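Position chains D and F relative to chain R; hints supplied.
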Amino acid sequence: MNEKLLRSLTDAFAVTGYEENLHPLITEELKDYSDKIEALKNGSLYALKKGDPGKCTLMLDAHIDEVGMFVTGITDEGFLRFHTRSIDPKVLPGSVVVVHGKSDIKGVIGLKPYHIQNKEEAKKYIPITDLFIDCGMKKSEIEKVVSIGDTVSFHPDFLKLQNLFSNKSIDDRVGVYVIIEVFKNLQRTKPLVNILGHFASQEEVTGLGAATSTYYLQPDFAIAIDVTHGISPGVAPREAYSLGKGPVLFIGPGINETILKGLTDTAKKFGIPVQKEVGILSGTDQTIIQIVRSGVPSAVVNLPQRYMHTPVEVIDPDDIQNTINLLTLFIQEIDEKFMEDLYGKH
Amino acid sequence: MANTELIAKLSNAFGVSGYEEEVRNILKEEIKGFVDRIEIDSLGNLIALKNMQANGPKVMLNAHMDEVGLIVDHIDENGFLGFKKVGGIDDRVLAGKRVLVGKSKVPGVIGIKAIHLQSAEEVKNTIPSKNLYIDIGAKSKEEAEKIAPPGTPVMFKTEFETLKKGIHIGKAFDDRLGCALIVDLLKENYNLPIIALFSVQEEIGLRGAATGAYQYTPDISITLEGTISADLPEVKDHLKCTRLGKGPVITIKDSGTITDHALREKLISLAKRQKIPYQFKQLLAGGTDAYRIQISKGGAKVLTVAVPVRYIHSPVSLFYEEDYDNTLKLIKRFIKTLS
Amino acid sequence: MDIEILKKLIHAFGPSSKEESVKKVIKQSIRKKQGMEIFEDKFGNLVVHVKGNGPKLMIASHMDQIGVMVTDIDKNGFLRIGEVGGIRKSFLVGQKLLFENGVEGFVYYEDKESQWEVKEQKIEKFFVDIGAKNRNDAKKLVGIGTQGIYKPTFYENNGRVIAPALDDRIGCFIGIEVLNSINSRKLHFDLYFVFTVQEEIGVKGAKTSSYEITPDYGIAIDVTDSGDMPETTPVALSLGKGAAIKVIDAGMISSREVKDSLIKTAEKNKIPYQLEIITAGTTDAYAMQITKAGVQTGAISIPTRYIHTPGETIDMDDVKNVIKLIKKYVEK
Chain R
1 MNEKLLRSLT DAFAVTGYEE NLHPLITEEL KDYSDKIEAL KNGSLYALKK GDPGKCTLML
61 DAHIDEVGMF VTGITDEGFL RFHTRSIDPK VLPGSVVVVH GKSDIKGVIG LKPYHIQNKE
121 EAKKYIPITD LFIDCGMKKS EIEKVVSIGD TVSFHPDFLK LQNLFSNKSI DDRVGVYVII
181 EVFKNLQRTK PLVNILGHFA SQEEVTGLGA ATSTYYLQPD FAIAIDVTHG ISPGVAPREA
241 YSLGKGPVLF IGPGINETIL KGLTDTAKKF GIPVQKEVGI LSGTDQTIIQ IVRSGVPSAV
301 VNLPQRYMHT PVEVIDPDDI QNTINLLTLF IQEIDEKFME DLYGKH
Chain D
1001 MANTELIAKL SNAFGVSGYE EEVRNILKEE IKGFVDRIEI DSLGNLIALK NMQANGPKVM
1061 LNAHMDEVGL IVDHIDENGF LGFKKVGGID DRVLAGKRVL VGKSKVPGVI GIKAIHLQSA
1121 EEVKNTIPSK NLYIDIGAKS KEEAEKIAPP GTPVMFKTEF ETLKKGIHIG KAFDDRLGCA
1181 LIVDLLKENY NLPIIALFSV QEEIGLRGAA TGAYQYTPDI SITLEGTISA DLPEVKDHLK
1241 CTRLGKGPVI TIKDSGTITD HALREKLISL AKRQKIPYQF KQLLAGGTDA YRIQISKGGA
1301 KVLTVAVPVR YIHSPVSLFY EEDYDNTLKL IKRFIKTLS
Chain F
2001 MDIEILKKLI HAFGPSSKEE SVKKVIKQSI RKKQGMEIFE DKFGNLVVHV KGNGPKLMIA
2061 SHMDQIGVMV TDIDKNGFLR IGEVGGIRKS FLVGQKLLFE NGVEGFVYYE DKESQWEVKE
2121 QKIEKFFVDI GAKNRNDAKK LVGIGTQGIY KPTFYENNGR VIAPALDDRI GCFIGIEVLN
2181 SINSRKLHFD LYFVFTVQEE IGVKGAKTSS YEITPDYGIA IDVTDSGDMP ETTPVALSLG
2241 KGAAIKVIDA GMISSREVKD SLIKTAEKNK IPYQLEIITA GTTDAYAMQI TKAGVQTGAI
2301 SIPTRYIHTP GETIDMDDVK NVIKLIKKYV EK
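Protein chains in written order, with the numbering used here: chain R, 1 to 346; chain D, 1001 to 1339; chain F, 2001 to 2332.
The following block holds chain R by itself, in its conformation from the complex:
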């Protein structure tokens, strides 16, 4: 486990719309393991490893963007008003955030002290419109650095909780990490098919990266690597999966059965633990990729993680390693028969 790399990836800031922040790091990691690396105007980055004979291309997709907030106004006192699409406001009071203006500034989201709140007030849910970010600056100062629309991220803090890891944006930097490691593992081999690592932009908003990159790159089949919910108190057993019991294969009407079988067969053959998640639409880039142009046969491998979209997402490195192994071996196992099953099925 390359803890340092995972830490760098999750510490890095790239809220939706600013994915190019991660391009240099990913490029640096993959430059010796790919035949081509290119950044696209939609904010995505892709790396290509040629296969032999390389008649078809498998796209592995993970999204770069993390959930965040954006500045919507500056009050007369110099506090920042903000909005978010996918963060639960409940995790915000009492947290440290980073405002990405002309430079990165730290700020605090605070609350009126409970000593001066009445009992009723103290129980109330605080909507996002009532929160503000305090950077300790006056209006005239902060206006020089911060503009409306600037993004704001959780402050990172990579922790080891016994054997588990915690940090912001495990969703989906862990997917990015997995793809990088798979490329590294494949260095000395030449798979039958070309492997395209697609580091997608804007998954958290419209799936713009997945939609437009897939249109452009035209992969023949695809696997999205994202996260799913991990078991924690109050989360119903049917809605979440165990940490440490392996990657979660998504099963449902939109998943290609040949790819899914390939993944489960590989897992069985090599003794890799996997779990299964059943749903209708996966809610990942795969949902979008599946219906681009004339369609892309696709599947989803999710890593279970706790506390999604909060600063303290938690994941088991064993699951990460098993996911890397599963995908590496799956790719190495791709043979003519698999390709025939994928395309000649009907």
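Each hint can be trusted.
For lysine-lysine, the following DSSO-like pairs were computed, each having C-alpha atoms within a straight-line distance of at most 27 Å: (1) F:Lys-2056 / R:Lys-41; (2) D:Lys-1266 / F:Lys-2023; (3) R:Lys-123 / R:Lys-112; (4) F:Lys-2075 / D:Lys-1240; (5) D:Lys-1336 / D:Lys-1187; (6) D:Lys-1130 / R:Lys-245; (7) R:Lys-261 / D:Lys-1105; (8) F:Lys-2119 / D:Lys-1236; (9) D:Lys-1103 / R:Lys-337; (10) F:Lys-2327 / F:Lys-2033; (11) D:Lys-1105 / R:Lys-276; (12) R:Lys-139 / F:Lys-2270; (13) R:Lys-41 / F:Lys-2327; (14) F:Lys-2133 / D:Lys-1236; (15) D:Lys-1124 / F:Lys-2122; (16) D:Lys-1297 / F:Lys-2027; (17) F:Lys-2089 / F:Lys-2119; (18) F:Lys-2125 / D:Lys-1246; (19) D:Lys-1146 / R:Lys-261; (20) R:Lys-245 / D:Lys-1146; (21) D:Lys-1236 / F:Lys-2089; (22) D:Lys-1297 / F:Lys-2056; (23) R:Lys-50 / F:Lys-2292; (24) R:Lys-144 / R:Lys-106; (25) F:Lys-2140 / D:Lys-1236.
Keep in mind that the hints were calculated from the coordinates and are not lab data. Predicted, not measured: the structure shown is a model, and the values here were computed from it.
Below, chains D and F alone, put in the same frame as chain R:
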């Protein structure tokens, strides 16, 4: 007269969204003598091409092969199967029903606690689908997992039956009726390029139509459906949406699409001239594959015409054969006017 | 600016899918010039192509407005309606509607207890009275599928305009003014100004025209919210403070290249501007951005009060600045 044998075969077939193989195989057999080329795309759509070299606008005939159903997502310690709904289903039609689990069609039942054991409050409450279970008679979790592992699709167990002459019940008339209509339509010859798109995964987001229409983008498209009829007691007139026996339903607008005005007027004039009864869809609800086809690439002119059906998206629906016949008659004649 | 053109646009009947009258006004108002081609694409969008040297730029304003559709006529001649686009049901009761052939009527609401207080915001509970005596009488005037809009009105005072359908007739007006005043020889874009159809029911015209044109850049011209009314949702936009350059809305994040380029153009030419962030609603820009392999897309918006109600309100100063900004952006 409606090909009730074909309708019955299609209605009884297994075809929950994402698992349409059996329906596709039946349709392939039925149309193969009448079309020039048959293709199956990567999502599983069945596409048939007829007369593509002819002059004139490319006309698409579209219906979806999939039906709403369930999918096993969980097995409890005692071997009962928990499930998710595939497509929109009212929770209240599930209790006490018979189902067929998986492509091998293992019988199961969705039972609920006997009324004798229910509290006064429980009696009055709807049971949400996540609290319902399928009983396949397994004695243990392991046994159930072997027969119906998570991911196994489940369909309602309903046999097509004729209640009385011209009135039929069965499942999945939405949209096996549309599929049957296309089979009947393909048996005719038109001097036009015809593309038949039997789509997959319509009920879970109009998915197959997106890729099917990209592959073969038509100029004109007619989506053939089985649509909502709520002509029931105590439903106000303006909420009935459509009525059985009043003929094919022509959609002006539904939740996602306004059909082509000029083309629709042409269809209505034809119906009037030929004295074929027709009605309009009077609730602007429900979406169809036409949504995807209309905005495919540079766009297409779309129409949606449907057979009115009571109780769609539930284990048993009902339709009148005369509505099917009138729909077939109308569309067959209409296509001929397009060349 | 020729405000008479705006008046004509507001009075044109054009609910989604029936934009013919609006198209007519636009065609009549554009002064055709050298190198300008005007045509309708197969989806019904009105495309004005002004050839220029440079990357393809598509600018989109939508011609359609929200409205209603007749779904039933009862035996007493009352009409039931369905929604076409985002009609705000809290504004329907007591509103005057105009139907396709000039028929007018007022909207009321089923209610046995308290006179027409909208308790449940379900469209099925509303009805329209067009003064018909019975079903046959009504059928002479309307049919199932007949579309209706808020009756057009136009009030101008002190540089502010109050009218229904400023969303997005003001965008069409801006398009006409830009096309009538640009110097095609100075263009550093190959310009496609598209007056789109069916935006309000799913940005459909923008999706199909963008596919056909495959521009390199896209800009939508549409209305956006204003936050300068009493006790209203905080939005950092006000009437009279300039052209709104879109940063974020519910459907997209503007391409930074386009947004920054627009800001630079505004600053260079001392055009007052505001930065737009809204959290509900989107525009044709969403459709352009996600077309094919992607289009670098942004938007310029006109701050508007009370969007999707009969009393949409704007400041013509903002309109003037939007026109100026577009011109300076497309010309060298």
